[in-house]
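Asker: Given the coordinates of chain A, work out where chain B should sit on it, guided by the hints.
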Amino acid sequence: MVKYFINKVIASYYLAIITMSLLSHLVFTEAVHAADGKLISTTGVTQVEGTGGSGIVPWATLSGYDSREQISANAFISRANVDDYELDIIGLSASFYDRVEVSLAQQKFTIDATGDKIEQDIIGAKVRLYGDVVYSPWPQISAGVQHKILKDSAVADALGANNSDRGTDVYLSLTKVHLGAVFGFNALWNTTFRYTNANQLGLLGFGGTNDNREIVLEASAAVLLSRHLAIGIDYREKPDNLDTSEDDWKNLFISYSPNKSISLTAAWLRLGSIAGVDNQDGIYLSLTGHF
Amino acid sequence: MKLIILLALTLLISCASQPSNLYNKIGGEQTIERIATHFVDEIGNDEIIVAYFEKSNVDRFHQSFKIHLCSLIDGPCKYEGDDLKEVHRGMNITEGDFNRIVDLLINAMRTAGLTHRERNRVLARVAPFRGEIIYQ
Chain A
1 MVKYFINKVI ASYYLAIITM SLLSHLVFTE AVHAADGKLI STTGVTQVEG TGGSGIVPWA
61 TLSGYDSREQ ISANAFISRA NVDDYELDII GLSASFYDRV EVSLAQQKFT IDATGDKIEQ
121 DIIGAKVRLY GDVVYSPWPQ ISAGVQHKIL KDSAVADALG ANNSDRGTDV YLSLTKVHLG
181 AVFGFNALWN TTFRYTNANQ LGLLGFGGTN DNREIVLEAS AAVLLSRHLA IGIDYREKPD
241 NLDTSEDDWK NLFISYSPNK SISLTAAWLR LGSIAGVDNQ DGIYLSLTGH F
Chain B
1001 MKLIILLALT LLISCASQPS NLYNKIGGEQ TIERIATHFV DEIGNDEIIV AYFEKSNVDR
1061 FHQSFKIHLC SLIDGPCKYE GDDLKEVHRG MNITEGDFNR IVDLLINAMR TAGLTHRERN
1121 RVLARVAPFR GEIIYQ
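Residue numbers (this note's numbering), protein chains in the order written: chain A, 1 to 291; chain B, 1001 to 1136.
Just chain A, with the same shape it has in the complex:
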C-alpha cells in the first residue's frame, strides 16, 4: 500500500516535470525569457546529489541553460535500482547568470531485504570560477559544497560511523568540451576532486572510527554522437571508512536532450559492495527538466 502510494507520487512528479518542461518549451520559444543561452547538451544533466554533472559525478557546468544575462530553474527525478537496494532522488536547482547554482535534493534509499528506508537531504551550492566549458582554452573550473543532512541514523550508527547526523563535502571540478576532437565528434572530460568523509553518499553516515576526511578523485569522459545524444563513463572513487567495505563506483551512461527543456539519462551501474552486500549492479534512470 505504502509502496503503491510512493510510486504514485513519483509518477506524478515525473508527469509534472514533463508537463512543465513542454509548457515552458512552447511558451518560451516564442518569448525571449527562457534560459536558453548555452548550446544544446552543454549543460550536462543532474547527478545523484542534485548538482549539474553526469550520473554520479559533479561537473564544473551549472545545471541550467542560463548564460550571463539569464536565470534558470531546473527539476529532476532519478532512480537507481541495483541488486539489493534502490535509491530514489528528487530535487530542484536554480542557476544564476552562469555563475552560481544552488540545489536541493532529497534521497530515499531502500534496503530491499528489510524494506528499511534511509532518507537524506542535500543542500548544494556551486560557483563557476573560470572559463567556459566549450570556448575557453583551459577547462571550465567550479568549486562546490554539498551539505548532507541524514534523517535516519540507525544504520549509520549500527555500522559504526563517526557521525550519523550530517556532513559536508567540498569539491573542485574541471570540465572541458573539445570540439570535433574524437574523429570529428565533440568530446568532454571532467575531473573532480572531492574532500569528503561521506559513506555511500552519506546514507551510511560520515567517517569511521575517526572523522576520516580525505580527497577522492572522480572523473567522466563522454562523446557527443550528435547534438542531442551523448554516451560516456563515470568513475567515482569512494571513501572506505567502515568495516563493511565500500567500493569505487562506475557507470556507463547515455543521455538524450531532444531540446533545451528536457533531458533523459540511462546508465548501467557497477557500485560494488554496499553495506556488506557485494557486487551491486543495476540501472539508473534520470529525467531533468529546465524551465
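Derived contacts from chain B toward chain A, CB cut-off under 7 Å, selection only: (1) 1095; (2) 1096; (3) 1124; (4) 1130.
Source of the hints: derived by calculation from the structure; they are not laboratory data.
C-beta atoms are modelled at their ideal positions from N, C-alpha and C, and glycine is treated no differently.
Answerer: Just chain B now, kept in the frame of chain A:
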C-alpha cells in the same frame, strides 16, 4: 587507478585524428560560398540577430566571412580584413546571442551539406575567436 583514468582521458582526446586539409575535405571554395550564403540568409531570418547587423554592409560581411573562414580551415586564402575586436566594437553581442549565432552557422553548414563531424571540425577552428566578438 587514478593514473589509469587520467591516461585513458588523455588518450581519448589525443587520438583525435584531424584531416590534413579541412578546406579540401568539405569541398573547397564552392562549399564555403554556400555556407556564407546560407549564413547570411539565416541571420536575415533571425529577428534577434539581424538587429546586430543593422548598420552592417551585408555584401562586405559575406565577403570577409568567406575569406576568413577559408583561411581558418586551411584554404588558400589570407584574411587581411579588419581586426575582429574592431569590427564588433559597440555591438555588445551577449554570450547567449553569440551561441544563437553559432546555431545559425551550424544550420548554414548543414544546409550547405556538411556532415555533423565536419561541422564540429569547422566550429573548432572558429570557436577561439569568441573572446574577440562578445561584449565588445
